[in-house]
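Spelled out from the first residue to the last, the chains are:
Protein chains: 4
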Amino acid sequence: MSDTSPQQQSTILPGRLEAFSDGVLAIAITLLILEITVPDADDGSLWRQLGDLWPSYLAYAVSFLTIGIMWVNHHRMTRRLISVDHGFIYRNLALLGFVAFLPFPTAVLADYLTEGGSNAKAAAAFYGLTMVAVSASFGLLWLHVRRTPELSAPGASAEVHSDVVGSAIAVAIYAVAMGVSIVSAVAALAVYGAVAVAFAFRRFD
Amino acid sequence: MSDTSPQQQSTILPGRLEAFSDGVLAIAITLLILEITVPDADDGSLWRQLGDLWPSYLAYAVSFLTIGIMWVNHHRMTRRLISVDHGFIYRNLALLGFVAFLPFPTAVLADYLTEGGSNAKAAAAFYGLTMVAVSASFGLLWLHVRRTPELSAPGASAEVHSDVVGSAIAVAIYAVAMGVSIVSAVAALAVYGAVAVAFAFRRFD
Amino acid sequence: MSDTSPQQQSTILPGRLEAFSDGVLAIAITLLILEITVPDADDGSLWRQLGDLWPSYLAYAVSFLTIGIMWVNHHRMTRRLISVDHGFIYRNLALLGFVAFLPFPTAVLADYLTEGGSNAKAAAAFYGLTMVAVSASFGLLWLHVRRTPELSAPGASAEVHSDVVGSAIAVAIYAVAMGVSIVSAVAALAVYGAVAVAFAFRRFD
Amino acid sequence: MSDTSPQQQSTILPGRLEAFSDGVLAIAITLLILEITVPDADDGSLWRQLGDLWPSYLAYAVSFLTIGIMWVNHHRMTRRLISVDHGFIYRNLALLGFVAFLPFPTAVLADYLTEGGSNAKAAAAFYGLTMVAVSASFGLLWLHVRRTPELSAPGASAEVHSDVVGSAIAVAIYAVAMGVSIVSAVAALAVYGAVAVAFAFRRFD
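Protein sequence lines, in the order shown, are assigned to chains A, B, C and D.
For this note's numbering, count along the first sequence from 1 and bump the result up by 937.
For this note's numbering, count along the second sequence from 1 and bump the result up by 937.
For this note's numbering, count along the third sequence from 1 and bump the result up by 937.
For this note's numbering, count along the fourth sequence from 1 and bump the result up by 937.
Chain A with its partners taken away, still in its complex shape (with noise of 0.2 Å):
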């Protein structure tokens, strides 16, 4: 085959790369009810055992807002790409890896989270390095666009470059609230609410 320039241009084109990974996004966002399983209740108590679960429907709401955010930050990226390359192809299928393994951390912190003790503390912490790896990847996929500028449409160096800021800033943040999960469990799962409802907030433009 002959197209081998230095840019190793792929045949993939952006728009299905991005209808690609908006499928992922959408079924991990709508997998993670899955996890919460109906509670065996002894007679009258079901109401009762529902309201039990509320670490269930919060780890549930954290981490759809969550990943409903990097669906955001993930369209306004894309949507700048005039091409994809190899590079760029393979950093994002290591970005939706972490995104959806998401349900499985979500499901351990909600199972973990009342029983206190350091179970509760690893759940925590477990949810925060995935957080972790998500963010890391992302800035890693947002560092390949911006050293890479014959992906993305004149103009969009500037976005670019804050997006890999924005990513840096919660790699740190998630690195810090897997500090707090050693103090205590439900403050670590505040602060993973906090951020999403401040990247949220994010005056996007």
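Careful, some of the hints might be misleading.
[To be verified] Ranges of calculated distance between the beta carbons of each label pair, as one might list FRET restraints:
id, chain 1, residue 1, chain 2, residue 2, range
1, B, 1138, A, 1080, 50 to 60 Å
2, D, 1121, C, 1112, 46 to 56 Å
3, B, 1109, A, 1138, 29 to 39 Å
4, D, 1066, C, 977, 16 to 26 Å
5, A, 1080, B, 1087, 52 to 62 Å
6, B, 1084, C, 977, 14 to 24 Å
7, C, 1099, D, 1051, 50 to 60 Å
If you are wondering where the hints come from, they were derived from the structure by calculation, not from laboratory data.
Each residue gets a CB set at the ideal place from its N, CA and C atoms; glycine is no exception.
Once you have looked at the hints, place chains B, C and D on chain A.
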């Protein structure tokens, strides 16, 4: 970045937001079946046990129809959009979060409907509570569209107003159905089904 | 609203209805695998136990092929549509509801096929009953298209008629296969597979 | 019907076949996580038990990368298509059926990898067997494209030939890896991972 106009226009294209929302709705509606588990039947009793699962089939049918109607209504709204803003994206995400939650209360209702007693009533009320949240988030999304005329094509205001009213009616009906569930879980499920059928037959132009 | 003509045309675009239906079919076909669970094998017995799961593999293959054919047939229909109406949307939703239900009878059949006795027969009959419902809802959808000429492009009537007939034949075959299941569950599954293969080889132009 | 020309052209548009295939691949890749279940940890042991799940993470990573590569290769093929015929649709369905099956052998491998003994080897061989089936069905699909020049755009023949060869190589490698699994399950998994990485780094132009 420069586009900090008062409208705070997003860089998300309405078409992609619609495709993402369609994906979440299509997945949520198809995941409903995973909540029905194969019965553990003694020799010769499978046919009867499959019949005993009628609450599961009924809950499946009501939730499937309800999410289907939501897809129709959501599509009717989004096809009128000429742009989406930050407020729309996150109100829409809240709506999707409640719809994607529906497989869980559906499974709770299916499992406890025939148990009778307060557990059945709690299950029916929990389902209604979720439907109140879905309808209210739908109404808030439509209120936002009504308050932000630059989002939708000219001439859509009459329809948007009618949909805000429709959402408010739905909230009221589901709240009443929650009250019905205090008397009878089966009666409450009948109301949920009747609401879905009524909305399905509603003339939309 | 103004568009209250007798045809009661919908504001749903055929392309989006097709995309939503494709999504539900793609999800239902991919969820089939979740119904096969990892065997709990004693030391050294895993290979044999994986072999003992042949009813699961067979049921998976038959249902996968069947939903695949449904996708082909559904696509052949919808690509002829120039508009969809209210009746089409809800008949289509009923069809999707039965197709999305298929993972459940598939799992029931896989679990009880080799148990023999009346449970195996009940499982096979239940699978057939679902297929009757799928075929009948397909036929009703096509009948609606035939009765509503303004929905489809000119020149499609011969094909639509042929598809109504095809659906009626499918209903009849699956009803007969349900009768076969009274004699033998394995024989009934063979009929289900043969029907899928026959429809797959059917020349569609 | 009239269009019974020798090529037996289908009425399925390549774009919709591609969208359906993308959907199945995106769902299969995202369902992989559902096979990892939350460990039932005694007090204080969760962090260690999460670590003990490394075979699950490894199997997840290998299968995720493998399906991702399949998506890339599948997309490279389908974007060259100018029409699809009956033979393409059903060979493609067979390929999707094997890919969508992958979450099951992935879960089997994850559950039995560290058990050692013949069960671990059986799990690794079963995974390899599925990969042989996936590669072989990919090769058969590409052979069909090579044999049917009217399906693809002019000038694609060199690439199609190279992909047929690539599929044959993959079949051979996975067959060898099945042999490796007789010696060591972990070594076989290493081969599966190495193959995925090698294909990911393969230059595609």
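Hints, one by one, checked against the model:
no., hint, result
1, 1138/B to 1080/A: 50 to 60 Å, "holds (54 Å)"
2, 1121/D to 1112/C: 46 to 56 Å, "holds (53 Å)"
3, 1109/B to 1138/A: 29 to 39 Å, "holds (31 Å)"
4, 1066/D to 977/C: 16 to 26 Å, "holds (21 Å)"
5, 1080/A to 1087/B: 52 to 62 Å, "violated (36 Å)"
6, 1084/B to 977/C: 14 to 24 Å, "violated (57 Å)"
7, 1099/C to 1051/D: 50 to 60 Å, "holds (56 Å)"
When the structure is compared with the earlier hints, violations turn up for hints 5, 6 and for no others.
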